[in-house]
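Peer 1: Heads up: the sequence lines are chains A and B, in that order. Reminder that position 250 of the first sequence reads as 250 in my numbering, one-by-one numbering, no gaps. Reminder that position 294 of the second sequence reads as 1294 in my numbering, one-by-one numbering, no gaps.
Please note: incorrect hints may appear among the correct ones.
To be verified - Listed next, the in silico PhoX-like pairs over lysine-lysine satisfying Cα-Cα at most 25 Å (straight line):
| # | chain 1 | residue 1 | chain 2 | residue 2 |
| --- | --- | --- | --- | --- |
| 1 | B | K1036 | B | K1290 |
| 2 | B | K1036 | B | K1183 |
| 3 | A | K220 | A | K207 |
| 4 | B | K1292 | B | K1183 |
| 5 | A | K220 | A | K230 |
| 6 | A | K207 | B | K1290 |
| 7 | B | K1036 | B | K1292 |
| 8 | A | K207 | B | K1036 |
| 9 | B | K1292 | A | K207 |
Claimed, not checked - The following residues of chain A were derived to be distant from chain B, with all beta-carbon distances above 10 Å:
| # | residue |
| --- | --- |
| 10 | L28 |
| 11 | L176 |
| 12 | R250 |
| 13 | R278 |
Quick caveat, the hints were computed from the structure, so don't treat them as lab data. Glycine is no exception: its CB is placed at the ideal position from the N, C-alpha and C atoms.
Spelled out, the chains give:
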Amino acid sequence: MLRARAIGTWLLSSAATLLLISFGSFALLYLVGDPATAVAGSQATLEDIERVRQEFGFDRPLFEQYLDWLGSALTGDLGVSYTLRRPVIAMIGESLPITISLSLTALVFATVVATAVGVVAGLRPEGRFDRFLTTGAVLGIAIPNFLLGMVLVAIFAVWLGWLPATGYRPFSAGPLEWARFMLLPAVTLGVGLLAQQVRTLRSSMIKEMDSGYVRTARAKHLSEPVIVIKHAARNALLPIVTVIGLQMSRVITGAILVEQVFAIPGIGQLTVRAVAGRDLPVVQGLVVLFAATILLANLLVDLTYGWLNPSTRRAR
Amino acid sequence: MSWLPSGLHRVTDREAGGTGRFRRPVLISSASLPVKLVLFAAIIVGAAAILAPWLPLQDPLEQDLQAILTGPTSEHLLGTDQLGRDLLSRTLWGARTTLLAAMVAAGVAGIIGIPAALIAGYRRGWIETALNRSSDVIMTVPALVMLLAVQAALQTGIYGSMVTLGIILAPHLYRVIRSEVLKISNSSFLQSGRLSGCSHRRIILRYVLPNVREQAVVQLSFQFGFGLMVEAGISFLGVGVQPPDPSLGSLLNGTMSLISREPMLVFAPGGVLVLLILAFNLAGDLLRTKSKAQHGE
């Protein structure tokens, strides 16, 4: 019941937000950025541009054009690319799985490593391991991921020659082959996420180890591993859910840059190419897609949080 | 007069947060040695970058095709790039562009975000709801994506992009500062200010603003660091600073294939970039720790 209502509220507010964003970016792209010049290309004469403007209907009122776009978008048609003359939805559909596999691998890598080292670091605050890790986290946050990617390529692909420098192989080409190509990009994208998660985990672990129930457990002579794993760590992991949710925007931004470094044909490359070529329908579709992803991540965080921590469920 | 319950005596501006001379407590001395070293190095490099036009550097655009990818020599301290341009000069000029760009972004974010937060937190009502809602909407689109969309529409230069970035970052600043304003909105010194007939303007500027100033500086420091990262990111993607002009991002663009031949091409601009971002993040952390310690949190 409760969850159904939460989802209902989310649907309404997300739909409103998405409408606002799609209209905002549509206005930006089609009113401020002149689409006729984008379609006609840089060699076009004034007559060419005028012809394109009438042919594509860019001379109609903005709101009419937007309603047109919205109407087709609701049926899954995001228009046709100016440069490749292909449906936008098909182009997104081709590159999206690649980016999802990159992002998920990076997130899993970050969360698994962060959980392990964050919990250990939080056990002995200011200890040697903790200091090492805190310093590492500060560095990990400060290094732009595209720079880290270049350095990793230099070390592991160019100097050591262990891994391929760039490129992508689909999972269907064999899991090993996929992993060989995915390892460097995923680590590159994951390090920044990892650093943020470690910081949160460490401080929440310190807080939990200092709490009353841990003292009680110690008084009962529970063994230290049981206290840490069964009691403290489980509670300390809660804030990670929120952090991962907030990191979605960082994941998307990071994927755009990392795909560029490693020449991975995902959503990021599609975005950069569309922006460089002023392919407005593609840009518009991508903005809406990214916004929807963030909204969905917010919902998932709220639901997971309520499920993991019943005390945050709102009473009726 | 501290024995009087607060609110019974007329609160002076100084007590409300102090409009007196900005007191600068020993901040740096509380930092650990590595942090001090990073901040010191960043100040030196940052100053050299800002002063680049007046330093005896070679022209960052001048090509010398007789001397490409030389590696460090006495003439070119960091070596030359693939077109024989002096890497030291290009790195410092690039850092200058990147720093100025981040300054524009953080400045615009502050000019929009802080007043909006002060007004929303102080006046509440519909204006707060409207500002909250619009900041939620802006924060739904990742900053880089929005920047790229604006770039596709307007094709502005790097400073246009950084003004846009400022607008995108403003909601983050707004959120933090507004919650700081809300924390003190029921405090007795604000009430006594109101009771003694101060105008809203005076209360906001002299009673509220001094209390959120520290947080604002902390946040602006983080945003400055983020601005550096974003400038480097979009110029790396080739939609920010355009070649041949150097910025820390555009210098890294296209050096991937040269990294084995001349690693300095990546490590010089990359190292400066990391150093500067690190310095702004650490400064923000230091200020935050100090402000927390002062308020006994």
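Peer 1: Now look at each hint and say whether the structure bears it out.
Peer 2: Hint check results:
With a CA separation close to 15 Å, the supplied pair B:K1036 and B:K1290 stays within the 25 Å bound. A hinted pair counts as satisfied when its Cα atoms are at most 25 Å apart, and B:K1036 with B:K1183 does not qualify at roughly 33 Å. For the proposed pair A:K220 and A:K207, the alpha carbon gap of about 20 Å is at most 25 Å, so the pair holds. With a C-alpha separation of about 14 Å, the suggested pairing of B:K1292 with B:K1183 holds against the 25 Å cut-off.
Only pairs whose Cα atoms come within 25 Å are accepted, and A:K220 paired with A:K230 is accepted, the gap being roughly 14 Å. For the hint pairing A:K207 with B:K1290, the CA-to-CA distance comes to about 20 Å; that is within 25 Å, so the pair holds. Between the alpha carbons of B:K1036 and B:K1292 the distance comes to roughly 20 Å, so the proposed pair stays at or under 25 Å and holds. Taking the CA atoms of A:K207 and B:K1036, the gap is about 28 Å. The hint is violated against a cut of 25 Å.
Our distance criterion of 25 Å between C-alpha atoms is met by B:K1292 and A:K207, whose separation comes to about 17 Å. With a cut of 10 Å on Cβ distances, A:L28 falls inside the contact zone with chain B, its closest approach being about 5 Å. Distance to chain B confirms A:L176 as a non-interface residue, since its nearest Cβ pair spans about 25 Å, more than 10 Å. Not every C-beta of chain B lies more than 10 Å from that of A:R250, the closest at about 8 Å, which undercuts listing it as non-interface.
Distance check on A:R278: its Cβ comes as close as 5 Å (rounded) to a Cβ of chain B, failing to clear the 10 Å threshold; non-interface status is violated.
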